[in-house]
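Residue numbers (the numbering used here), protein chains in the order written: chain G, 1 to 211; chain F, 212 to 319.
Hints are computed from structural coordinates only; laboratory data are not their basis. A few of these clues could be false.
Stretch by stretch, here's where chain F covers chain G in the computed footprint (C-beta under 8 Å, at least three residues) [as the list claims (entries may be wrong)]:
#	region
1	5-11
2	185-198
Just a sample of chain G residues kept apart from chain F, beta carbon distances all over 10 Å, derived [said to hold, decoys possible]:
#	residue
3	Asp97
4	His129
5	Asp179
Even for Gly, the Cβ is constructed at its ideal location relative to N, Cα and C.
In case you want the letters, here they are:
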Amino acid sequence: MFRLTQLVTLADRAARDDLAAALRAVGRRARSLLVEPTLEGSFNGGDLLVHASFNAAGDRAAFELEAQALLGRPATASIDSVSYSSEADGREPGLRDGIYRVLLLSIEPGTDRDTVARFEAELLAMPRHIAAIRNWRLSRVEQAAGARAWTHVWEQEFADAGGLLDAYMLHPYHWAHIDRWFDPECPERIVDARLCHSFCRVDRSAISSGG
Amino acid sequence: MIDEIVAAPGAGRALLDDYLARYAPGARARGMVLEQVLVAPPVWLDDQSNTLTIRWSLANAGAWWGMRAVSGADSAVAAWWAEVDARAISRRRSFATAPEAIVRLCDV
């Protein structure tokens, strides 16, 4: 599966709904497509969250080109974009009316492979400790654009916003253990301080439904 | 929250003085409460390392994120730790609680 996630920050937010409709229209070759306004609480997360998957790399490239034409200036202020192809895991593939969240992060150049592998393993253990994470996918980025050379995409789904803002954020596995990879005060930090944290509503799972 | 710093040989006393004078005021302003400072061994060494253990507390996980948001956006905090790393053999920051609090903390 060939995936693409884009966080679009608009120059004019009044154009958001028209752009969303236009993006949905050019995503006809997508196996799954999510184009939704981001929710309050997103951080560097843009105004529109675009998440698409394709059966063929060529279809993804074609969508990117068409989306690029729609999202050119002056409508768009900036886009953070990642392409990747890993598979998902989860415990609620039939999730309905939930929350999709994506984190774009960039690991510092020069970080050794064993450390990166430990970081990835610990992130992937989060759902074992935090039951509110219903579906998830951690991916290494193949192509990135935007504020940083994003290296990883960490996607999760929750039954509701409380699952993300309370259960996920306030669980000690997160703040007292995982965050040391991100925290400039901790010697283990390997992640650049610039992050994109973005979330939106989903009618059905965007991770488990082939998305 | 526990900082454990193994100072460079002979540097322990000055490093702790700087920690308390330069780092601690900002940490307090971010909501951290200084609970305890320990020096091991309990004698200042001029040719070996002292280990400095500084224990802080925070009211709850929300207070923790509040502290984290401020420190993470303050380049002076990162610069402070870069300086400490240059004056230390190693250091570790960990987050701990009493065992009887674990179930409550995880029930979110």
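Status of each hint after checking the structure:
1. Counting residues of the region 5-11 of chain G whose C-beta lies closer than 8 Å to any C-beta of chain F gives 0; at least three are required, and the coverage claim is violated.
2. Counting residues of the region 185-198 of chain G whose beta carbon lies closer than 8 Å to any beta carbon of chain F gives 4, which meets the minimum of three for the stated coverage.
3. A cut-off of 10 Å between C-beta atoms confirms that Asp97(G) is not in contact with chain F; the least separation is 22 Å.
4. A beta-carbon of chain F is positioned within 10 Å of the beta-carbon of His129(G); the least distance is around 8 Å.
5. Residue placement check: Asp179(G) does not keep its beta carbon more than 10 Å from all beta carbons of chain F (closest about 7 Å).
When each numbered hint is compared with the structure, violations occur for hints 1, 4, 5.
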